[in-house]
Amino acid sequence: MQANGNPIRLRLGSPALNASLMVLLLGLSLLSLRFGAAPLSLSEVVAGLVGSGPEPHQLIVQQIRLPRVLLAWLVGLALGMSGAALQGLLRNPLAEPGLLGISSSAGLGAVLTLYFGLSAFNAWTLPAAAMLCALLATFFLYALARAGASNLTLILAGVAVSALASALTSLALNLAPNPADVQDIVLWLLGSISDRSFADVRLVLPFVLLGVLLLLAAAPALEVLALGEAEASSLGVNLPRLRVLIILGTALSVGACVAVTGAIGFVGLVVPHMLRRFVHYRPGRLLLPSALGGAILVLAADISLRLIATPKELQLGVVTALVGAPFFLALVLRSRRDML
Amino acid sequence: MSLLQVEALSVRLGGRLLLKDIALEIERGELFGLIGPNGAGKSTLVKALMQLLPYSGRVCLEGQPLARMSARARAQQLAYLSQDDRLQWPISVRDLVALGRHPYRGSWWRGGLPGGPGADAEADRCAIEQALQATDIDSLRERRADELSGGERARARLARVLAVEAAVLLADEPVAALDPMHQLRVMELLRARCQTGQTVVVVLHDLTLASRFCDRLLLLDQGSAVASGAVERVLSPEHLSGVYGVQAIIGEHEEGGQVQRYIVPWSCEPSAACGANERASEDQGDGSFQRGKDPSA
Chain U
1 MQANGNPIRL
11 RLGSPALNAS
21 LMVLLLGLSL
31 LSLRFGAAPL
41 SLSEVVAGLV
51 GSGPEPHQLI
61 VQQIRLPRVL
71 LAWLVGLALG
81 MSGAALQGLL
91 RNPLAEPGLL
101 GISSSAGLGA
111 VLTLYFGLSA
121 FNAWTLPAAA
131 MLCALLATFF
141 LYALARAGAS
151 NLTLILAGVA
161 VSALASALTS
171 LALNLAPNPA
181 DVQDIVLWLL
191 GSISDRSFAD
201 VRLVLPFVLL
211 GVLLLLAAAP
221 ALEVLALGEA
231 EASSLGVNLP
241 RLRVLIILGT
251 ALSVGACVAV
261 TGAIGFVGLV
271 VPHMLRRFVH
281 YRPGRLLLPS
291 ALGGAILVLA
301 ADISLRLIAT
311 PKELQLGVVT
321 ALVGAPFFLA
331 LVLRSRRDML
Chain W
341 MSLLQVEALS
351 VRLGGRLLLK
361 DIALEIERGE
371 LFGLIGPNGA
381 GKSTLVKALM
391 QLLPYSGRVC
401 LEGQPLARMS
411 ARARAQQLAY
421 LSQDDRLQWP
431 ISVRDLVALG
441 RHPYRGSWWR
451 GGLPGGPGAD
461 AEADRCAIEQ
471 ALQATDIDSL
481 RERRADELSG
491 GERARARLAR
501 VLAVEAAVLL
511 ADEPVAALDP
521 MHQLRVMELL
531 RARCQTGQTV
541 VVVLHDLTLA
551 SRFCDRLLLL
561 DQGSAVASGA
571 VERVLSPEHL
581 SGVYGVQAII
591 GEHEEGGQVQ
601 RYIVPWSCEP
611 SAACGANERA
621 SEDQGDGSFQ
631 RGKDPSA
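Residue numbers (the numbering used here), protein chains in the order written: chain U, 1 to 340; chain W, 341 to 637.
It cannot be assumed that every hint is accurate.
[As the list claims (entries may be wrong)] Here are the in silico distance ranges between beta carbons for each label pair:
1) G379/W - V244/U: 28 to 36 Å
2) A147/U - P605/W: 36 to 44 Å
3) N378/W - M22/U: 48 to 56 Å
4) E313/U - E462/W: 55 to 63 Å
5) A330/U - W606/W: 48 to 56 Å
6) A407/W - R277/U: 39 to 47 Å
These aren't lab readings, by the way, just hints derived from the structure by calculation.
Ideal placement from N, C-alpha and C gives every residue a C-beta, glycine not left out.
Let the sequences and hints guide you as you build the complete structure.
Printed below as a string of structure tokens:
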């Protein structure tokens, strides 16, 4: 009679949903390994992966294309899951690391270390600054939400944080002494996962893993938070702990990703929204599918920009924004009655 | 020993004293009503009992201070239904009710994925089924909670609270937005819970419901306890006019050999709440602007 088995068991999404998303992700990953300056067949890709093919193929697949695929996974996981978690925590379907200015704050941290030449001291300075700025922005927004700010105020505050971070970033660019640096920084800010190496993957991996674990630990409490803070806390939810888990998890994972790939927007908004109905609107169950869906979206966008013939290769952040912004507008129009 | 003991409870928030020196003893199996005008401190008292607000004084459950219990143990003993019935996500009725089992969930760090070791799946399922049946919403279980009518939603939220299987159930105005039929159904349900040994503390505005269903009452006014104890004593005409500022018609209705009282607030006391309004209209009448404009004057 119980279609879903034990109803309080919090599966992290339905197994069928997670499995189909995994299959899709793996399929896209193989596809992504095929495309590039030298297209390879599927068998050549597999041979290159396992190290049995000719050496140039191995080099292309393992050293050039694999880091790109893995970065797409990590960025998508971080953005998708933190979007879903922020929406659950703030009880607002429009929350997202990019829209709320968390990504651009992380970008500012990174640009500042580049500008002041601090990144030369230590390889960790740049990601650390990015994560610190992301943490500050997330905490500021959370404090606003806590003080009872409406959905509209919160989004506007996010826009303001985003604008401030962009303005300071522009200031740094404006005052930058070397025009070549400026172009590098601007391209990097647009968001891209091309020409990245395993060193980048190694840099991002621990933080995304840690962030994802922190966010997953918040899943059961997020479910109960649907009832509002008072009833959730009456059911034994430790609200301060929940907030710390989500703020820290978002800042660590998104901050580290932005440090390596630049800002890639709207993934955290679009993916949870598309998957929510498949998990019966349960905010805790949405986390893992959103992470997988985020990886799929980033990978698909990355493949599409390689397939679309443009005079210059499009940047990933540009593609996600082109798809995401109209989506955001539609979502705002649909929920404007609730917001005002 | 009483089940729930409250001693010298005061709540101060933002420099304002919201509750002053409340003392209370609630017995097992009792349906205890909290009444009083708007802003009297009823919701504040419920929140303080639930440990959702900082307070001074002592609140004990079976002699044990609630403040020293773990959040999880407390959540298994006290269930809370707030006034806020907004649900951010349109989850299904059954998922909503299942949230009441959160206090029994196995901790994730102890092997610990939710629903994993440490959780009793059978006990959870039973509690959820019983709650759905007790509130008569078994047939709505797959419906989305945001698509329910007001009465259905009230019962679904009540089922969520019943699923906790707590010793004490605290409900903040559970009938405020309901039609008379649903008000009676909810109150009958709470009454039935008390007969099964649960203790219910309920905030009510409807004095007839309070008189009919509650065993004892506490009347609050401006943060202080004005009267507490037997229903007839608390709902006296003096208290109604003194605290609520209304003159009420108090009648008696005999049913099954039992005399039930009904209380219908009828008119505002000239000296109390409505006095301000009357003065306001007098001022208008005396205003020169009004008089000059009035052709009949």
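Hints, one by one, checked against the model:
Our hint of 28 to 36 Å for G379/W and V244/U holds, since their Cβ atoms are close to 35 Å apart. Range check, A147/U to P605/W: Cβ separation about 38 Å, and the 36 to 44 Å hint holds. At roughly 55 Å, the beta-carbon separation of N378/W and M22/U lies within the given 48 to 56 Å, and the hint holds. For the hinted restraint 55 to 63 Å between E313/U and E462/W, the CB-CB distance of approximately 58 Å keeps it satisfied.
Between A330/U and W606/W the C-beta distance comes to about 54 Å, which sits within the given range of 48 to 56 Å. The beta-carbon spacing between A407/W and R277/U, approximately 42 Å, falls within the hinted interval of 39 to 47 Å.
Of the hints listed earlier, there is not a single one the structure fails to meet.
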